[in-house]
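Visitor: Residues per chain are reported as follows:
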Amino acid sequence: MDKIVCTCGNVNPAGTELCESCGRPLNQETKEKKLVDMRYEGSARRSQTYNKTIIDKIWNFFSSVKVGMWIIVSILVAAAIGTILPQVFYVPATTEADIAAYYERIYGTFGKLYYELGLSDLYSSWWFQTLIGMLGISLVIASLDRVIPLYKSLKKQQTKRHISFLKRQRIYGIGEIEASNESIDKAEEKLKTMRYKVKRDGNAILAERGRFSRWGPYVNHTGLIIFLLGVMLRAIPGFYVDETMWLREGETLYIPKTDGYFLESKEFTYETYSKEESSEVFGEAIDRVGSIAKNYQTDVALYKGADDAVAGKPDELEFVKDSSIQVNKPLKFDNFSVFQMDFRLDELKAMKFQLQDKETQESFGDFTIDLSDPQPIYELQNGYKVEILDYYADFTGFEEGVPQSKSPLPNNPAFLVKMYSPEFPKGETSFVMIKETLEPLGENKHKIAFQSVETRDVSGLTIRKDLTLPILMLGGLIFMIGVAQGSYWNHRRIWIQRLEDGQVVIAAHTNKNWLSIMKDIDAVSVVANLPKYEDQQDLDSKAEKGEGV
Amino acid sequence: MVAVSSTLLFIAFVAYLVATFLFGGAVKSSSSEATKSFERWGKLAISVTIIGFISNLGYFITRWIAAGHAPVSNLFEFTTAFGMMVVGAFILIYFIYRIPALGLFALPIAVLIIAYASMFPRDITPLIPALKSYWLTIHVITAALGESILAISAVAGLIWLLKNIDLTKKSKQRFWIEAVMYVCVLVLGFVAATTTFSLADYKAEYNYVNKEEKVLKMEYHMPAIFGMNESTAITENAMTPLVEMPALVNAKKLTVVTWSVLFGTVLYILLRLILRKRIAAVLQPFAKKANSQFMDEIGYRSVLIGFPVFTLGALIFAMIWAHEAWSRFWGWDPKEVWALITWLFYAVFLHLRLTKGWHGEKSAWLALIGFIIIMFNLVAVNLIIAGLHSYA
Ligand code: HEM
Chain A
1 MDKIVCTCGN
11 VNPAGTELCE
21 SCGRPLNQET
31 KEKKLVDMRY
41 EGSARRSQTY
51 NKTIIDKIWN
61 FFSSVKVGMW
71 IIVSILVAAA
81 IGTILPQVFY
91 VPATTEADIA
101 AYYERIYGTF
111 GKLYYELGLS
121 DLYSSWWFQT
131 LIGMLGISLV
141 IASLDRVIPL
151 YKSLKKQQTK
161 RHISFLKRQR
171 IYGIGEIEAS
181 NESIDKAEEK
191 LKTMRYKVKR
201 DGNAILAERG
211 RFSRWGPYVN
221 HTGLIIFLLG
231 VMLRAIPGFY
241 VDETMWLREG
251 ETLYIPKTDG
261 YFLESKEFTY
271 ETYSKEESSE
281 VFGEAIDRVG
291 SIAKNYQTDV
301 ALYKGADDAV
311 AGKPDELEFV
321 KDSSIQVNKP
331 LKFDNFSVFQ
341 MDFRLDELKA
351 MKFQLQDKET
361 QESFGDFTID
371 LSDPQPIYEL
381 QNGYKVEILD
391 YYADFTGFEE
401 GVPQSKSPLP
411 NNPAFLVKMY
421 SPEFPKGETS
431 FVMIKETLEP
441 LGENKHKIAF
451 QSVETRDVSG
461 LTIRKDLTLP
471 ILMLGGLIFM
481 IGVAQGSYWN
491 HRRIWIQRLE
501 DGQVVIAAHT
511 NKNWLSIMKD
521 IDAVSVVANL
531 PKYEDQQDLD
541 SKAEKGEGV
Chain B
1 MVAVSSTLLF
11 IAFVAYLVAT
21 FLFGGAVKSS
31 SSEATKSFER
41 WGKLAISVTI
51 IGFISNLGYF
61 ITRWIAAGHA
71 PVSNLFEFTT
81 AFGMMVVGAF
91 ILIYFIYRIP
101 ALGLFALPIA
111 VLIIAYASMF
121 PRDITPLIPA
131 LKSYWLTIHV
141 ITAALGESIL
151 AISAVAGLIW
161 LLKNIDLTKK
171 SKQRFWIEAV
181 MYVCVLVLGF
191 VAATTTFSLA
201 DYKAEYNYVN
211 KEEKVLKMEY
221 HMPAIFGMNE
231 STAITENAMT
241 PLVEMPALVN
251 AKKLTVVTWS
261 VLFGTVLYIL
271 LRLILRKRIA
281 AVLQPFAKKA
291 NSQFMDEIGY
301 RSVLIGFPVF
311 TLGALIFAMI
321 WAHEAWSRFW
331 GWDPKEVWAL
341 ITWLFYAVFL
351 HLRLTKGWHG
361 EKSAWLALIG
371 FIIIMFNLVA
381 VNLIIAGLHS
391 YA
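Chains as they are written, first to last, in the working numbering: chain A, 1 to 549; chain B, 1 to 392.
If you are wondering where the hints come from, they were derived from the structure by calculation, not from laboratory data.
Only a predicted model underlies this, so the values are computations on that prediction, with no experimental measurement involved.
All C-beta atoms, glycine included, are put in the ideal place defined by N, C-alpha and C.
Keep in mind that a hint or two might mislead.
What the hints assert, rightly or not - So the derived label-pair ranges between C-beta atoms look like this: (1) A/L229 <-> B/F10: 16 to 22 Å; (2) B/E205 <-> A/W246: 37 to 43 Å; (3) B/A130 <-> A/S452: 31 to 37 Å.
What the hints assert, rightly or not - Simulated crosslink set (DSSO-like; lysine-lysine; CA at most 30 Å straight-line): (4) A/K112 <-> B/K203; (5) A/K33 <-> A/K167; (6) A/K31 <-> A/K435; (7) A/K160 <-> A/K199; (8) B/K356 <-> A/K34; (9) A/K167 <-> B/K362; (10) B/K203 <-> A/K275; (11) B/K203 <-> A/K167; (12) B/K362 <-> A/K512; (13) A/K66 <-> A/K3; (14) A/K512 <-> B/K217; (15) A/K156 <-> B/K203; (16) A/K31 <-> A/K199; (17) A/K192 <-> A/K160; (18) A/K34 <-> A/K155; (19) B/K172 <-> A/K66; (20) A/K66 <-> B/K356; (21) A/K156 <-> A/K33; (22) B/K43 <-> A/K519; (23) A/K31 <-> B/K214; (24) A/K512 <-> B/K356; (25) A/K156 <-> A/K532; (26) A/K385 <-> A/K445; (27) A/K435 <-> B/K214; (28) A/K512 <-> A/K192; (29) A/K519 <-> B/K28.
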């Protein structure tokens, strides 16, 4: 397409509506309008100019604000639908089948439908992610389409504008005034005191203020794009770690995904508010609700082993620091944070047994089984010993005669043991549970009697590394700067010009807050005696002007 | 200290009520020749508002000292703080535009919000571990401040609509604006129902079976219209619920809602009978005095001022805190999602206005819808959709 040469001699890019330099309308359509569209200064935007190739069409699609808003509204509606029922990650089930069953059991047919439509995991669905992606693309294209021509035309604008441009401004006035030259000087002075940047060209003034606020939307969109890119980076290995670990009191474990760091739990503490200790202020609340949690805390020691030592031994570990992990107070090291997320109180740690004569209850010695590390054989005095044949940590019952364990957690420990004694050197077999004992291979003389247990607390910790955080923070910061820039400032321009025939013209444009710019003009008029202006767009509200507020 | 705090809140409440009438006076005298009287009314009204606001701040500070943490940690405290900030935001905008009509409508809304808040348990609760963070203070106060400034745009929108909708002819607009009035009366209905039954000291306990098939106890403070799943009364002579709900539905909350709607509807009908007009029509003469263009600009301006504050408080600070407390900055918790929805909605509002020229009526309706979304997040998400943020 051809460039457009304006009568004033300026060469404008194809598609320009208002000459970048003098402001004359450049096509018939613009000429016929009563007011010009000042949004992008009538500059040539790619999306308004080309519409041939597929690329043009895609460009035009994404640069449309209408399309952009449809994308946002779709995201908004989808997000709302996702809050109707809890999402999968808040549901106490792990396997697909359990999850499906859970939705149906708790929420009936609706729940089943919700699950089957994939709404229960909506935010990670491909179509939701696609919408977010489209939002990103739209932000980039719509911004590029506008910001470059806007920048060029704001830079090129002349102080002296053609009358055809001025009279198509929303705020416009023309008239004869006395001592018009003096008036223009005074207006210039006054506008300068009002923090306008005033340019003068003969008998024309262009007073401008807050142009930088025009870049606000583009700055904030850039912030959003950086934020979205940051979120996408998490998919790249190494940027993001999200692990959990259960750590028992007294235990030292490798912290997953770290370079050989180990964590020892010294103690877990769970506290509630007691009425005595907390000031009387809380008394009523505690009465009403019952107990209120005060603190979840794991006291830990952090150690460093050899790099990438997964199975390091505690004695090779180098102590790094002690720390108390609380909710809201994670342990931090390198780029990792360890959070207090969950706990289990009083998990079985060890069980103490006694080998006895069933009848006389005579004792042949005590032994303690460490439930996380049962020994194969416990030697007692005088040739008595106990052999552990099999260990079922979370015993649930027998299936076809075979003992079953639901998990490796010692929730309900059971043992298949052989008891050796001088009388029975081949051993007697017994199945030992907390409450009872079975004798699968016939009547025994001896038994293993349960004495006591030791328990300990378990801390549920989350290990997190997120290298995208600085990028997200940067995006957030840029967004905030951009919105503040675009919202708390606005771009005002006032043109005052004495025409050849002696009449004075005043015109003004602002991107927002029209009442404020009118106040500014009124303030100038008081000292400079300018012609009356009117708000050409708002003729109907003029009737109200006389009324009080 | 706690007693002082409650008294200060009560003083603020009364001051706002009085100031509403004073603003009414200012609006009424505004078009008369007596500009002097207009100014006097206006000055008096804003002075009383400011006194109320200072007293309200006093409540906030003394409660803060008494509790040892910012009083934004339960539903009563948060909602009250929101009401206070609506007044604060109104005072801010008043000094930019000096329009008494805004006060006439903003203050009753603040009064309603505070009255609503007072229906929830008012005792000071100690902080649970998740809330123990200075981010609680920073995040909640900034978010509430942003929401309250956004709320002013709804007030301006409401005035614009009341002024410009033709109430003499049947139209969609006329229906919806009256619906808005009806909802405001329903809030009063909730206050009236709660107060009535708590004065009567109504209590009834029931056992019920929850969705995990456990038997639990539930205490009703209003006569059980709806019963919990398989409920049996523990309290003697307790009313047998009219309808029993499945385990999925919290029948106690449903009962509260139903009573509120009943009380509110009766109240609304009474009002209509006494006034012999639609409520919108009663208020219209006051709105008529406002200038549409001013209202339109105030509506836009308050979104412009409130949007960045809301973004900072409800999204950015929220993410920073969520990262400290729950190890992830974003977890798609319903409360978070609704903050995002609110934010997206106002973003759309700004775009439509700026690039599609949605001024005047469309803009006013959007501002009202925005406020409804904010209230939904405040009320419904807390009470109905339970999540990590649930105060209830
Ligand atoms: C969540 C997403 C978005 C947010 C938070 C956002 C935010 C903003 C804000 C605050 C403004 C300034 C409005 C005003 O001053 O009244 C703005 C302007 C604008 N936005 Fe967005 N925006 C988003 C998405 C989009 C999308 C998807 C598009 C693409 C179509 C878009 C196109 C524009 C345009 C064209 C402007 C006007 C620019 C100007 O006047 O120079 N925005 N945006």
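Visitor: For each hint, tell me whether it holds in the structure or not.
Guide: We went through each hint and held it up to the structure:
1. A/L229 <-> B/F10: 16 to 22 Å: violated (52 Å)
2. B/E205 <-> A/W246: 37 to 43 Å: With Cβ atoms ~39 Å apart, the hint holds.
3. B/A130 <-> A/S452: 31 to 37 Å: Because 36 Å falls inside the window, the suggested range holds.
4. A/K112 <-> B/K203: violated (37 Å)
5. A/K33 <-> A/K167: holds (11 Å)
6. A/K31 <-> A/K435: violated (96 Å)
7. A/K160 <-> A/K199: holds (10 Å)
8. B/K356 <-> A/K34: holds (18 Å)
9. A/K167 <-> B/K362: Given that 30 Å is the threshold and the Cα spacing comes to 28 Å, the pair holds.
10. B/K203 <-> A/K275: holds (25 Å)
11. B/K203 <-> A/K167: Given pair B/K203, A/K167 is violated - Cα atoms ~73 Å apart, limit 30 Å.
12. B/K362 <-> A/K512: holds (17 Å)
13. A/K66 <-> A/K3: holds (29 Å)
14. A/K512 <-> B/K217: Violated - the C-alpha atoms of B/K217 and A/K512 are around 57 Å apart, more than 30 Å.
15. A/K156 <-> B/K203: Violated. A/K156 to B/K203 sits at ~76 Å, over the 30 Å cutoff.
16. A/K31 <-> A/K199: holds (27 Å)
17. A/K192 <-> A/K160: Between A/K192 and A/K160 the Cα gap is close to 18 Å, so the pair holds against 30 Å.
18. A/K34 <-> A/K155: At roughly 25 Å apart (the allowed maximum being 30 Å), A/K155 and A/K34 satisfy the hint.
19. B/K172 <-> A/K66: At roughly 25 Å apart (the allowed maximum being 30 Å), A/K66 and B/K172 satisfy the hint.
20. A/K66 <-> B/K356: holds (8 Å)
21. A/K156 <-> A/K33: holds (23 Å)
22. B/K43 <-> A/K519: With Cα atoms ~23 Å apart, B/K43 and A/K519 stay inside 30 Å; holds.
23. A/K31 <-> B/K214: violated (76 Å)
24. A/K512 <-> B/K356: Roughly 14 Å separates the two Cα atoms, so the pair holds.
25. A/K156 <-> A/K532: holds (29 Å)
26. A/K385 <-> A/K445: Distance ~14 Å between A/K385 and A/K445 Cα, so the pair holds.
27. A/K435 <-> B/K214: holds (26 Å)
28. A/K512 <-> A/K192: Holds: A/K512 and A/K192 sit about 21 Å apart, inside 30 Å.
29. A/K519 <-> B/K28: Judged against 30 Å, a Cα distance of about 26 Å means the pair holds.
Checked against the numbered hints given earlier, the structure breaks hints 1, 4, 6, 11, 14, 15 and 23 and satisfies all the rest.
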